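J.: With the hints as your guide, set chain B onto chain A.
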Amino acid sequence: MIQHSASELLAALHAGEITSEALTSAYLRAIRERDPRVKAFLHVDEAGALERARAVDARRRRGEPLGVLAGLPVAVKDVLCTKGLPTTCGSKMLANFRPPYDATVIAKLRAADGVLIGKTNMDEFAMGSSTENSAFQVTRNPWDLERVPGGSSGGSAAAVAAGLAPLALGSDTGGSVRQPASFCGIAGLKPSYGRVSRYGLVAYASSLDQVGPFAHDVAGLALLLEVIAGHDPLDSTSVDKPVPAYGRSLDEPLTSLTVGVPREYFGGGLDPEVEQAVRGALKEYEALGATLKEVSLPTSPHAVAAYYLVATAEASSNLARYDGVQYGHRAKDVDAAAVEEHGRLAAMYGRTRGEGFGDEVKRRIMLGTYALSSGYKDAYYLKALKVRRLIKDDFDRAFAACDVVAGPTAPTPAFNAGEKTDDPLAMYLGDIYTISANLAGLCAVSVPCGFTKGGLPVGLQLQAAPFEEEKLLRSARRYERATDWHTRRALL
Amino acid sequence: MTPDQVRWVAHLARLELSAAELAAMTRQLTSIVDYVAQLQAVNTDGVEPMAHALPVHNVFRDDEPRPSLPVAEALANAPDRQGDFYGVPAVLE
Numbered sequence: 001m002i003q004h005s006a007s008e009l010l011a012a013l014h015a016g017e018i019t020s021e022a023l024t025s026a027y028l029r030a031i032r033e034r035d036p037r038v039k040a041f042l043h044v045d046e047a048g049a050l051e052r053a054r055a056v057d058a059r060r061r062r063g064e065p066l067g068v069l070a071g072l073p074v075a076v077k078d079v080l081c082t083k084g085l086p087t088t089c090g091s092k093m094l095a096n097f098r099p100p101y102d103a104t105v106i107a108k109l110r111a112a113d114g115v116l117i118g119k120t121n122m123d124e125f126a127m128g129s130s131t132e133n134s135a136f137q138v139t140r141n142p143w144d145l146e147r148v149p150g151g152s153s154g155g156s157a158a159a160v161a162a163g164l165a166p167l168a169l170g171s172d173t174g175g176s177v178r179q180p181a182s183f184c185g186i187a188g189l190k191p192s193y194g195r196v197s198r199y200g201l202v203a204y205a206s207s208l209d210q211v212g213p214f215a216h217d218v219a220g221l222a223l224l225l226e227v228i229a230g231h232d233p234l235d236s237t238s239v240d241k242p243v244p245a246y247g248r249s250l251d252e253p254l255t256s257l258t259v260g261v262p263r264e265y266f267g268g269g270l271d272p273e274v275e276q277a278v279r280g281a282l283k284e285y286e287a288l289g290a291t292l293k294e295v296s297l298p299t300s301p302h303a304v305a306a307y308y309l310v311a312t313a314e315a316s317s318n319l320a321r322y323d324g325v326q327y328g329h330r331a332k333d334v335d336a337a338a339v340e341e342h343g344r345l346a347a348m349y350g351r352t353r354g355e356g357f358g359d360e361v362k363r364r365i366m367l368g369t370y371a372l373s374s375g376y377k378d379a380y381y382l383k384a385l386k387v388r389r390l391i392k393d394d395f396d397r398a399f400a401a402c403d404v405v406a407g408p409t410a411p412t413p414a415f416n417a418g419e420k421t422d423d424p425l426a427m428y429l430g431d432i433y434t435i436s437a438n439l440a441g442l443c444a445v446s447v448p449c450g451f452t453k454g455g456l457p458v459g460l461q462l463q464a465a466p467f468e469e470e471k472l473l474r475s476a477r478r479y480e481r482a483t484d485w486h487t488r489r490a491l492l
Numbered sequence: 001m002t003p004d005q006v007r008w009v010a011h012l013a014r015l016e017l018s019a020a021e022l023a024a025m026t027r028q029l030t031s032i033v034d035y036v037a038q039l040q041a042v043n044t045d046g047v048e049p050m051a052h053a054l055p056v057h058n059v060f061r062d063d064e065p066r067p068s069l070p071v072a073e074a075l076a077n078a079p080d081r082q083g084d085f086y087g088v089p090a091v092l093e
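Those sequence lines, one after another, are chains A and B.
For the first sequence, the working numbering assigns the number 1 to the initial residue and increments by one for each residue that follows.
For the second sequence, the working numbering assigns the number 1 to the initial residue and increments by one for each residue that follows.
Be aware that one or more of the hints could be misleading.
What the hints assert, rightly or not - Derived CB-CB ranges, DEER-like: (1) A/65 x B/85: 40 to 48 Å; (2) A/337 x B/74: 33 to 41 Å; (3) B/3 x A/269: 27 to 35 Å; (4) A/243 x B/19: 52 to 60 Å; (5) A/14 x B/85: 34 to 42 Å; (6) A/258 x B/72: 51 to 59 Å; (7) B/74 x A/280: 53 to 61 Å; (8) B/3 x A/286: 50 to 58 Å.
Stated by the list, open to error - Over 10 Å on every C-beta distance to chain A, these chain B residues come out as not near it, computed from the model: (9) 3; (10) 19; (11) 67.
Stated by the list, open to error - Facing chain B, according to a computed beta carbon distance under 8 Å, are these residues of chain A, among others: (12) 193; (13) 237; (14) 263; (15) 266; (16) 308; (17) 353; (18) 377; (19) 390; (20) 392; (21) 467; (22) 471.
No wet-lab data here; the hints were simulated from the structure.
Keep in mind that this is a model prediction, so the values were computed, not measured.
In this text, a Cβ means the ideal position worked out from N, Cα and C, and glycines have one as well.
This is chain A alone, in the form it adopts within the complex:
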C-alpha cells in the first residue's frame, strides 16, 4: 500500500477499497520499522493521526462531503507551526516550543481532510543543503543510507522517498524543496513567491521563503498545491489571484511547448552523470514534440553570491527574535565580562543565542549582520539587490522566448554524509541552479529524470514565470507520462 502514489491512494479511498485508518496505520507501521534507519521524523503524532483518520472515515461512511485530501497522510517539515505539537525548526533554541496557533497551510491541510502524521527533520532554521545542520539527528538518503537526503527539507523528502508518507510539505528559500527532491528521487515544487501563505512558516529570509509540496509524482504536487495555495489576509505578501484546479488541467495537452536550455547550466562543476541524465530528458522532450531553444542567463554565475548576501541579511533580522524572552531557550548563567561590557540584558541575549544556535545559523547571522552593518551595506547588501534585479531581467528575457527553462536541479547527486560539513562555501555552491528562482520569484519543480550508475537519483528542474504553475506542472507531467522514473522506489 505504501508504495503507491498519492493519486492512486486517493482513488482507492474514494472507491472504498481502503480506509484512511488502515492507510494511516500502514504508514505509522512503516515509520516504526524504517525510520530508525532513515531518521526523517522528529515527532510522530500517532494518536492524533489515527483519531483524525477515523473521523474522516466516519464522515465518509455517513456520505458527508470530504476535503480533497480525503484522509491521506501528510508529513510536515518542522518549520511550520502546528498548534500544540512541537515545532523545533531543527534547533536547540526551539526544542520545547509548542506554537499557540497553526500556520495557514496547516489549517488548509486540516480543512482539506489531510492527516498530519508527523513533523520532519531539517537543517536548523532551514539553513543548509544536507539536513546535517539539525540539532537533533542526521537524516539519511533512502537510496543510500551513507548519503545525505539533501536539504534543508531533507526529512520531508526522505519520508516520501522511504514510503513513510505519500505527501509532504517543505519550505524552499534557495532550493530547499527541489534539491532534496532531486537527491531522493521524488518530485518537489517551489511555488511562485506569493502563491502560498507564509503565515506560521518560521521565517528565514522573508522575501525568498515559500512553502512547497513533495510527492512521488507531479499529480501529487498538483493535488497538494491546490490545497495550500491562495491569498491569506494574515500574509500581506500572499497574492490575491484565483487558484486554478491544478490537478484537473494537468493532463490537458499543451498546444505547443518551447523548452529553454540555458548554456550557463551546463558548464564546469556539473557531474557528467547528472548532465547525461538531464540531456536525456531534453531529448525526450524533443521526441514528445517540444521545441528546444538555447537561452542565456548571463548573470546566473553570480547568483550564489547575491543569494548568500540577501538571504543572510534577512535572516540576521528575522532571527533577532530569539532572545530568550518570549519563547525558546534562555541561558541560565551569564558571562561576567559581558555583563561588565554590555550590561546584564545584552549579556543574557548573547549567551542565549550563543548556546541556542548551531554553527551554520551563527555563520549566516554573522554574514548578514556584516552585510548590513554601517560602512558595508552599500558594497554588499545593496549591490546584491542590484544583481538580483539583473537575474530577474535575465529570466524575463528568457521567458519571452520559451515556456519553461530546463536544466539540472543540482550539480551532483546526493553526496556522502560529512563530506561538506567543514567547507560551508562548497555546500553553498551546490545551490547554483536553484537559488535564482527564489531571487526572481519564479515557480520551479524538480522531477526524477534518471539514476547514476551507482543507483543515485538525478533530478530535472523546470522553471516558469511567476504564477505559471499550471504551465509548469503540465510541462513536467508531459515528461513524467513518457517515462517511468517516478515509479521507482528506494528498497529499504
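T.: Positioned in the frame of chain A, the structure of chain B alone reads:
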C-alpha cells in the same frame, strides 16, 4: 576579516562566541566574503535594487477590535514568566 571585526559583528548580532568559534568564524567568513566580492565586478550602473520579488505595497485592514491571543497562551512558552509578564534581567540598577 580580522578577529576584531568579527568580534564587533558578533556583538552587533548579540552572539556570544567562544575563542575557538571566533577563530573558525574569522577563517570561514573571510573565505565567504572573498567569494561574494565577485559581485563588485558586475556592472550595476543605473540598476534599481530589488528588495522583493513582488511589487509590495502597504496592505491595510479595517481597524476593528477583535479577540487577540489569550494571555495564558501567549505566555505559555516564556522561559521566565512573572504573573502576566515576561521576566527579563534587570536593566536599571
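J.: Against each hint, give a clear statement of whether it holds in the structure.
T.: Comparing the hints with the structure gives:
1. A/65 x B/85: 40 to 48 Å: The hinted range 40 to 48 Å holds for residue 65 of chain A and residue 85 of chain B, with Cβ atoms some 47 Å apart.
2. A/337 x B/74: 33 to 41 Å: About 34 Å separates the Cβ atoms of residue 337 of chain A and residue 74 of chain B, which means 33 to 41 Å holds.
3. B/3 x A/269: 27 to 35 Å: holds (32 Å)
4. A/243 x B/19: 52 to 60 Å: holds (53 Å)
5. A/14 x B/85: 34 to 42 Å: 53 Å Cβ-Cβ, so the 34 to 42 Å window is violated.
6. A/258 x B/72: 51 to 59 Å: holds (58 Å)
7. B/74 x A/280: 53 to 61 Å: Between residue 74 of chain B and residue 280 of chain A, where Cβ atoms are some 55 Å apart, the hint holds.
8. B/3 x A/286: 50 to 58 Å: Cβ of residue 3 of chain B to Cβ of residue 286 of chain A: about 56 Å, so the range 50 to 58 Å holds.
9. 3: The claim holds: residue 3 of chain B sits with its nearest Cβ about 13 Å from chain A, beyond 10 Å.
10. 19: At about 12 Å from chain A, residue 19 of chain B clears the 10 Å cut-off, so the statement holds.
11. 67: Nearest chain A Cβ is 13 Å from residue 67 of chain B, so the label holds.
12. 193: holds (4 Å)
13. 237: At 6 Å from the nearest chain B Cβ, residue 237 of chain A passes the 8 Å test, so the hint holds.
14. 263: violated (18 Å)
15. 266: The hint is violated - residue 266 of chain A has no Cβ within 8 Å of chain B, the shortest such distance being about 21 Å.
16. 308: holds (6 Å)
17. 353: Since chain B brings a Cβ to about 5 Å from residue 353 of chain A, closer than 8 Å, the hint holds.
18. 377: Cβ of residue 377 of chain A sits 11 Å from chain B, so the hint is violated.
19. 390: holds (6 Å)
20. 392: At about 6 Å, which falls below the 8 Å cut-off, the nearest Cβ of chain B leaves the hint on residue 392 of chain A intact, so it holds.
21. 467: violated (10 Å)
22. 471: Violated, because the Cβ-Cβ distance from residue 471 of chain A to chain B comes to roughly 18 Å (cut-off 8 Å).
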